[in-house]
Each structure stands twice: as C-alpha cells, then as structure tokens.
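Using the hints, build the complex out of the two chains.
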Amino acid sequence: MSIFASSKDLINTLCSLWEAIKTNHEMSKQLIESKLIVQFRYRDPEGLLTVDCSDGNDMKIIVGKTSIKPIIEMSMKADVAHEFWLGKVNMPMAIIMGKVQAKGPVPKALALLPVLKPAFEIYPNIFKQVNKKT
Amino acid sequence: MYVNMQPFLFHSPTKILIGPDTALSIAEIISELNAKTPLIITDSNLRKAGIVEGIISAIKQANLPIHIFDQVPPDSDLESVEKAVQIAKQNHCDIIIAIGGGSVIDTAKVANIGISLSANALDYEGVNTITCKLMPLIAIPTTAGTGSEVSAVAVIKDKKQKSKLLFGSPFLFPDIAILDPQLLISLPPKLTAACGLDALTHSIEALSALTANYISDGLSLNSMLLMFKHLLTTIKDGSNIDTRLATLVASTMAGLAFTNAGVGIVHALSHTIGSRYGTHHGLTNAVFLPYGMQFNLDVAKAKYALAWRSLAAQEMEKYLGNESAITKYIKANKSEADEKEAAQHFINIVKIFIQECGISINLKSIGITNLKDEDILELANIASTDPAIMFNPKEASVQEIAKIIREAY
Ligand SMILES: NC(=O)c1ccc[n+]([C@@H]2O[C@H](COP(=O)([O-])OP(=O)(O)OC[C@H]3O[C@@H](n4cnc5c(N)ncnc54)[C@H](O)[C@@H]3O)[C@@H](O)[C@H]2O)c1
Ligand SMILES: [Fe+2]
Numbered sequence: 020m021s022i023f024a025s026s027k028d029l030i031n032t033l034c035s036l037w038e039a040i041k042t043n044h045e046m047s048k049q050l051i052e053s054k055l056i057v058q059f060r061y062r063d064p065e066g067l068l069t070v071d072c073s074d075g076n077d078m079k080i081i082v083g084k085t086s087i088k089p090i091i092e093m094s095m096k097a098d099v100a101h102e103f104w105l106g107k108v109n110m111p112m113a114i115i116m117g118k119v120q121a122k123g124p125v126p127k128a129l130a131l132l133p134v135l136k137p138a139f140e141i142y143p144n145i146f147k148q149v150n151k152k153t
Numbered sequence: 005m006y007v008n009m010q011p012f013l014f015h016s017p018t019k020i021l022i023g024p025d026t027a028l029s030i031a032e033i034i035s036e037l038n039a040k041t042p043l044i045i046t047d048s049n050l051r052k053a054g055i056v057e058g059i060i061s062a063i064k065q066a067n068l069p070i071h072i073f074d075q076v077p078p079d080s081d082l083e084s085v086e087k088a089v090q091i092a093k094q095n096h097c098d099i100i101i102a103i104g105g106g107s108v109i110d111t112a113k114v115a116n117i118g119i120s121l122s123a124n125a126l127d128y129e130g131v132n133t134i135t136c137k138l139m140p141l142i143a144i145p146t147t148a149g150t151g152s153e154v155s156a157v158a159v160i161k162d163k164k165q166k167s168k169l170l171f172g173s174p175f176l177f178p179d180i181a182i183l184d185p186q187l188l189i190s191l192p193p194k195l196t197a198a199c200g201l202d203a204l205t206h207s208i209e210a211l212s213a214l215t216a217n218y219i220s221d222g223l224s225l226n227s228m229l230l231m232f233k234h235l236l237t238t239i240k241d242g243s244n245i246d247t248r249l250a251t252l253v254a255s256t257m258a259g260l261a262f263t264n265a266g267v268g269i270v271h272a273l274s275h276t277i278g279s280r281y282g283t284h285h286g287l288t289n290a291v292f293l294p295y296g297m298q299f300n301l302d303v304a305k306a307k308y309a310l311a312w313r314s315l316a317a318q319e320m321e322k323y324l325g326n327e328s329a330i331t332k333y334i335k336a337n338k339s340e341a342d343e344k345e346a347a348q349h350f351i352n353i354v355k356i357f358i359q360e361c362g363i364s365i366n367l368k369s370i371g372i373t374n375l376k377d378e379d380i381l382e383l384a385n386i387a388s389t390d391p392a393i394m395f396n397p398k399e400a401s402v403q404e405i406a407k408i409i410r411e412a413y
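These protein sequences, in sequence, are chains Z and V. Just so it is clear: in the first sequence, position 49 is 68 by this note's numbering, and no numbers are missing. Just so it is clear: in the second sequence, position 262 is 266 by this note's numbering, and no numbers are missing.
Dumping the calculated DMTMM-like pairs for lysine to aspartate or glutamate here, alpha-carbon to alpha-carbon at most 20 Å:
no. : chain 1 : residue 1 : chain 2 : residue 2
1   : Z       : K127      : V       : E399
2   : Z       : K96       : Z       : D28
3   : V       : K164      : V       : D127
4   : V       : K163      : V       : E83
5   : Z       : K127      : V       : D162
6   : Z       : K136      : V       : E399
7   : Z       : K127      : V       : E382
8   : Z       : K88       : V       : D127
9   : Z       : K127      : V       : D127
10  : V       : K19       : V       : E32
11  : Z       : K107      : V       : E399
12  : Z       : K84       : V       : D127
13  : V       : K168      : Z       : E92
14  : Z       : K54       : Z       : D71
15  : V       : K137      : V       : E36
16  : Z       : K147      : Z       : D98
17  : V       : K335      : V       : E321
18  : V       : K398      : V       : E411
19  : Z       : K54       : V       : E382
20  : V       : K355      : V       : E411
Because the hints were derived from the structure by calculation, they are not lab data. These figures come from a predicted structure and were not determined experimentally.
So here's chain V without its partners, still in its complex pose (with noise of 0.2 Å):
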C-alpha cells in the first residue's frame, strides 16, 4: 500500500491493436486517422529481411502513394531525422508509419517534431516543451524490447556534439500501436533476448522508481511475469507465434509502466555506457540490472519482495520444465521467507534470468576492457546527472554510482 501517496497521472493515449497479421491492416488505419500521404520510416535490415513489403503492399492496394525512408541505424542520429524531414516535405506527407525497433521509432517521433512544426528539432530538446499536437504517428515495433510504441519519450545522437539527446512530451505518444507478432520471427536469438531484458529493466525499474504508482505496479508485474514465462522459449525458438506475442505485449506493458513512473539507475548507467562505447541498450541494461537492484535493495525491498511472491506464486514448470534453473530456485526457495529475503531472492533470481538468456553479467563479455579507475569516475559522473536517475528511488553518489561500475566491470 502507498501511504501519502502524491497525486499521480496516468497517461496513455496510443491505440493498441494485437494479433498476428494485424499489420496489414494499416491502410484501414491510415483512413480511420483521415491520413492520405504516408512516409513509411524504417531501417534497411528489415527491408532486406522483407518484413516491411506486407505492409507496403497493404498501402498499395488501397491506392495510396507511399514515401520511405530506410536508412535509419541502429541508436539513430540528427541526420536520420534530417532526411526523414526532407522526405516528408518534399512529399507533404500527412501521417508517419514507423516500422522497426527503437531506434527507428525514436527517430519517427523526432522527425515528427521537425515536419509537424516546421522546425528544427533540436529547438525542442528536453521535457514538456512541444505545446501542441503533432501529425498522426503508427508505430509498429519489430522488437520487443523499448517499449517506444507507447512512451513519450525518444532519445537520439548527436555526432557532432558527441552527445545523446532527450525529448519527453505527451505529444510524443504514438497515436497508435501494431503488435504483430510475425514482424519478429526474423529477431536474432541475441537480440531477442537483449531487447526483452530490456523491457525486464523497464518493468523492474518502473516497479521500484520514486514516481511508481498503482497503475503502473500492476503493468509491471505483469509484464515481469509474461517475460519470465516466455522470453527463453522465444530466444530457443524465434517462431513460436504464441511466446513472441506475449513477449511483445509484456514489452508494451513495460512501457507504460516506465513511461507514466520512470526508470532508475540501471538506464542512467546503460544510457552513459552506450553512448560512450556503443553497446545495445538492452544488452547493456542486462549488465548493470542485478548490480543496480543490489544498490536499491534496502529501499526498494517491500516491491522486490512483491515481485518474488508473485513470481513463487507461478507455476513455472508449466512453462520452462521441470529441469530450468528458474523453475529449481523458486522450488528450492519458495517457502515463506521474510521481506528482505524475498526481496534478495528476486535479485538472485533475475540474475540467473539473465544468464539463462546467454548473457553475462559483466562489460568485459559486451566488450568493454581497459577501463581504468578515472575513466570509471568520469563514467560515473555522466550517469549521475542522466535523466533517468531522478526516478531511482536511492539518491546514488557519484563514489556509489563508480562502486557499481567497478561490481559490474
């Protein structure tokens, strides 16, 4: 129970549609949001693995002219955005369909600002700071990780500046989300697991975070549970229609827990070493998540303690078989145990989780070496000062936040 609870808000405006194929339905979509011009934003991987032509054929059929743009990279920069501006100017484009992970999305929502408001970008960076509503935005994520489809927030570089830029507004929100599970058979093994211990640190984070609330409790322990029971099934096997679906809901769940309560921690660090070392988020967030929740631990133990009990509440052989060392440590520690213990139980358990998935939980093995003692001061300080970490329900010194490094390293 919240006791003093501050007023909170709940925003989640985007329109959700689920299901296998429900993807090409968007020229249906496009005519329910009175749209005729759409610039399709997406990265030349996925138009080579042809995941993007059903939907191109969709908007073709219903005689609409279509405008792409496929360039975006991975962690995407201000020129994307720029030619993505260009493109939709040019072609006075009137709704904007992003197809990819986040980083296509991000780029769709910052590229919106620019069309929209016919203006540069970069003069909206921050929080709160667009004031009207932008052209219509789908998002369709290939990933199931970020959570993008339905947060206000997207993040992009800046090469020149060699820095990351953040823009947070409700206008941000997509107005409406396709989670077709078949766009993601072509995931990696890797980055299949990366992306849903992405959306492992959301839930996790959102479910501790300073601004977390009722709403946003429930999403998350949700989506914790969906990815505990599904996420190794999807990583052995990428077709399995029934697991990626789930693992896609349980990452949209994520983001709206994230998006209306924050993260913590463990992103502020992620976000400092990826923009430095060029890590994928998610794989990095798997690093630093036990050693960050270790951290949290002695204020955050009565939501840990939560989340154990409805993970123990689980009938996880059902899922992962009598042999998983996930469903052995529940069995083996499942007996009432006392706050702080359930609570420990749980870092235990999402560390072995993230091993389970084929990572390990150190930078070394996602190729970080050579760090000395003042680059790891220097890392500290960046992190100390990222957005994120106003959500950690700990306040963490810039020594504390090095400690974490050191663990991690």
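The following block holds chain Z by itself, in its conformation from the complex (with noise of 0.2 Å):
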C-alpha cells in the first residue's frame, strides 16, 4: 500500500511541490540556468511528470505522456519518491539496492540533488494539503 492513495493524489502532489519549487526564485533560476529536462517515471502508483528547462527562460511542469525528450530520466517507486522529498533518501544506498533508476548523465541529476534542497522543508506541508483533501 502506497502512501499515495492513486496516480491522482500522487500527480497532484508533486505538480504542486514543482509550482512551488518554480516559484521560489532561488531554486527556479538554479533550474533554468541547467536547461535541463528531467523526467520523473513513478510506479506503484503510476506517475509521468516532465520538468523541462531547456529553453533557459522558463520552467514547463508537464504532466503525463509527452514528446519531448529528456536528458535525465529518473525512475523509481512513488513511496520512494515521498521519501526523498522528506529528505530521507540515502541515494547511494537507494542506488546501490537498485531503488532509483537515473538514465542519462548522472553528474547532471547529482548537480541538481543541493540545488533542490530547499524543496525538503515545503514538501511535508505540501503533501498534507493536497493529501488530506481527497
């Protein structure tokens, strides 16, 4: 049993860290300045979500399938996901056991892990207000 109840809850979650995150100047202009696409691929439940820098102006959350290519894949289960937004993730022990999956250039995703610090301290608050509405 997930701590995300559905895809739905689990989509609404993260869509609402990612505004968050884009409209906290310090993070966002970090991301931008990357021009980056990540794409994070949850499971359990199911997840697609895009963030997409390349364009070095704005930040694109992008829910679902897409076209757009991206340069850093990440994939893992959602609860493991929830933890690493709590800060709790000890990602070489989560890769070492073969949890996250990261398809691409992994220096790239490792640049972003302090640039997303900060996102650790607004999730808890996050996941309870979308969590507790449905």
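Right, here's the structure in full:
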C-alpha cells in the first residue's frame, strides 16, 4: 500500500511541489540555468512528470506522456519519491539497492540535488494539504 | 560495530577462477556457458606481447571459431565499443571474452549492452537502466588494479561530447573472472605500481564509504594487507608468480568491496583530472589518496584506526625486510595509540607506501603543470558532481575540493 491513495494524488502532490519550486526564485533560477529536461517516472501508483528548463527562460511542468525527449530520466516507486522529498532517502544506498534508476548523465542529475534541498522543507506541508482533500 | 545499520545488499554473482594457467581452460568455460562463437576483445599491445595467443590457441584447439577486436585504446571510447558491436553482430557471436586491463573490460561490458539489447549503448547510460540479462561475459584481467572483472560498472569516453559516460547495473557483472597471474608478468613496473595503488584506493575508499558494510570491510581490509605485503616485491620483480597472484587477488577483493560499498572523493578527483588531462586512473588516484584521506580523517578515523591496527599486527619484516621504510615506520609507531593517532598513522603509512612504489604525490609529477586558480575551481566544480563523491563519508563543498587539488598540486 502506497502513501499515495491514487495516481491522481501522487501527481497532484508533485505538481504542487514543482509549482512551488517554480515560484521560489533561488531554486528556479538555478534549474533554468541548467537547461535540463528531467522526467520522473513513478510506479505504485503510476505517474509521469516532466520538468523542462531547456529554453533557459522558463520552467515547464508537463504531466503525462509527452514528445519531449528528456536528458535525464529518474524512475522509482512513488513511495521512494515521497521519502526523497522528505529528505530521507540515502541516495547512494538507494542506487546500490536498485531502488532508483537514473538514465542519462548522472553528474547532471547529482548537480541538481543541492539545488533542490530547500524543497525538502516545503514538501511536508504540500503533501498534507493535497492528501487531506482526497 | 555498525550502529543502526541500514539494510544492505551484497551482490557478487561473478564466478572467480584463480591460479597460474587457469586462462588456458577457456574452452571448457565457454562450453559450460553453452556458447559456441566467442568474440575476444583486447588491445594491440597485449596482442603484440603475445599475452592473448595462448588463450586463442586453446579456443582453436576446441574447434571453435574466433573473432577478435584488438584495437581498444587506454581509457576506451564509444567508437571502440561500436566497432566491437559490429564484429559481434556480423559474426553472430554468443559470448564475449575480455582480455586486458580496465579499459578492455569496460569496453566489453558496454559493447555487451549494444550486442545483447540490439541498441545504442548510449541509451543505457546511467545507473540501473538495464533490465534483463546480457550475453555471457568472461573477464580475464591483465592488470591488477581496477577490479572491473567483478564490478557492476563501466566508464567509457564520449570523445564527441568530451565527457565520460557511466554505466552501472547488476547486469554488468561479468559471469566469470579468470585470475591468471601468468598474464601479468609483462606488466611494466610503473603500471604495476599505478594499478596496485588503484586497488589500494578502492579498498581504502570502500572501507570508509557511507555505504560500507561488514562484508565489504572484510574484503577491503584483507585486500589492503595483501597489497602492503606484496606490491613492492611485485614492482621489483614482475616475474614472481606468487606475489603477482597475491596482488591480483587483492585487486579483485577490492573490486568486490567497492562495487558493493562505493568509492569516494579520491575517485571523484581522479575521474575529473583523468578525463581532462588523460592521466592514468591508478596513478591519479595515488596522487590524491593521502590528501583525500586527510580530508576524511575526522569522520573516517575509526576505520583508518582499524586499518592501522590490522597492519601493525602483521610481521611486515617477513615480507619487506627490516630495512624497509614501511617496516621501520610500523616498528617505531606500533605501541598502542588512541584512535585519532592510529588513524593518522594509517594516512602516514599510506603516503610512505605510495612513495616506496616510486610515485611522487603531486600533480606536477604526473605532468599537470600551469594550473591556475580558475582551473582549480572549475575542476573542483566538476568533481563535486562526479558520481563517486556520493559515497564519500564526508560532504565536500567546491571550495574544500579545490583546497585538496591545491594541496596535491
Ligand atoms: N569498471 C570498473 O570497475 C573500473 C574501476 C577502476 C578503473 N576502471 C577503468 O579502467 C581503466 C584503467 O585500466 P587499467 O589501469 O587496467 O589500464 P588499461 O587497461 O588502460 O591499460 C594500460 C596499459 O597497460 C597495457 N597493459 C595491460 N596489461 C598489460 C600486460 N599484462 N603487459 C603489458 N602491458 C599491459 C595496456 O596495453 C595499456 O597500454 C580506466 O579507463 C578506468 O576508468 C574501471
Ligand atoms: Fe579505480
């Protein structure tokens, strides 16, 4: 049983989080400068989310299938994503245990980790708000 | 003792055959794996030195067809991978035999992705991206250092993008590793030293890694002891089969340790410098090792102290003689020290050992001159996102990494 009751809850939670990251000047500035396109593929429950910063101006958050080709693809169970945003995932251990798949240039994905750290603080509230509605 | 240890996984699916002339039983091993058409991947130096010929004739005697790709360059690249894939496809090869150092074995691993999955290997760049078993791969190392014969990773250059590509997956473990010391006799002293110190770096970084565990610690410590006892003799007399075998087994043990526990900041720096300046991987590790250890000292002191005490308990004079700098240092400092002091002794003895191997621990000595402060900062930035650094026991800021590069320069 996942912490998320459905795919809809998962996507609503993570979309709200990314919208919050987008409005946080410090985080969004560095993400846009990276010009990366990162796709998150979740399972149990399923969910697909793409964050596209490729034009260097804006951050687009795309839910579901898209023709945009990601530079990095991160795949994991939805619960691992939840733990990650709580700041509780030991990334090297998760990789060794095969819990996280990272396709593409791993150094670019690692460069994002410190940028996203402030999001660990806003995630618990977002999770609570979105998941109490349903 | 580990307190509140997280669950861990120790994965070591590679069957390891060890001993002089074991590589000559290759035909039996191919048949055990139900394969009929081998592709040998190797490099031209090894071919010229005649190292591969015994294995080729053993395969021919078994009436098996042979296809060979022998153009792997040091620090191999995607072009070599593609050439190997082409030969395998044209000839319907059903098993790969990699005979060489880390460059050859890594090429074989990545080529195996292209061959087995009929795909562009680049599409599998990253970690845990492969989801099914690949064609059988036999790895026969001719250097004692990388541990690639038992590891789940491979690194290949993309010359077009001027970057190094990392592939990491449990499906990249070779099926069989053959440790035949005869194949290493021709390895020159300098490479013997540099590769041996790559293995020592694996054991020390795996020992203090964030994800270290009881099993990897056992392998790391024993590997480290074997290297201290036998590497110097092997550098002096490369034809000593007993010490060749000991150092080869030590490097495989360190490979098993780091593929399960990770490496650290020394490898992150070595990957960065090696990729920019083309320096040998093991040699670059050797230069950074004492500085990386000193940086990690406060968080790794229990592990370094453990390593020092294991080393100090050995009768080193039996292996290195009474006049060796290693024996003398141990004798002079053997009496019980507190943990921090013991840990510092370990860093000191590692430094002495590297120097005894004929390597100066500074970047200038490996040809890196004219480093300006902006270069150092840029290199530190790159090292800060190298995957190896994830496993380092202590977080390092770009400024702290730059300081290590300055110290090593
Ligand atoms: N996959 C892994 O787990 C792993 C771990 C560490 C390093 N590596 C990679 O391994 C590579 C380095 O490998 P290496 O240190 O084994 O060196 P190498 O394979 O690059 O070989 C160096 C040179 O030694 C020569 N050589 C090899 N064996 C010889 C022998 N027996 N006699 C005479 N000459 C011989 C080769 O022809 C080559 O010119 C790097 O690309 C590094 O990134 C991989
Ligand atoms: Fe290494």
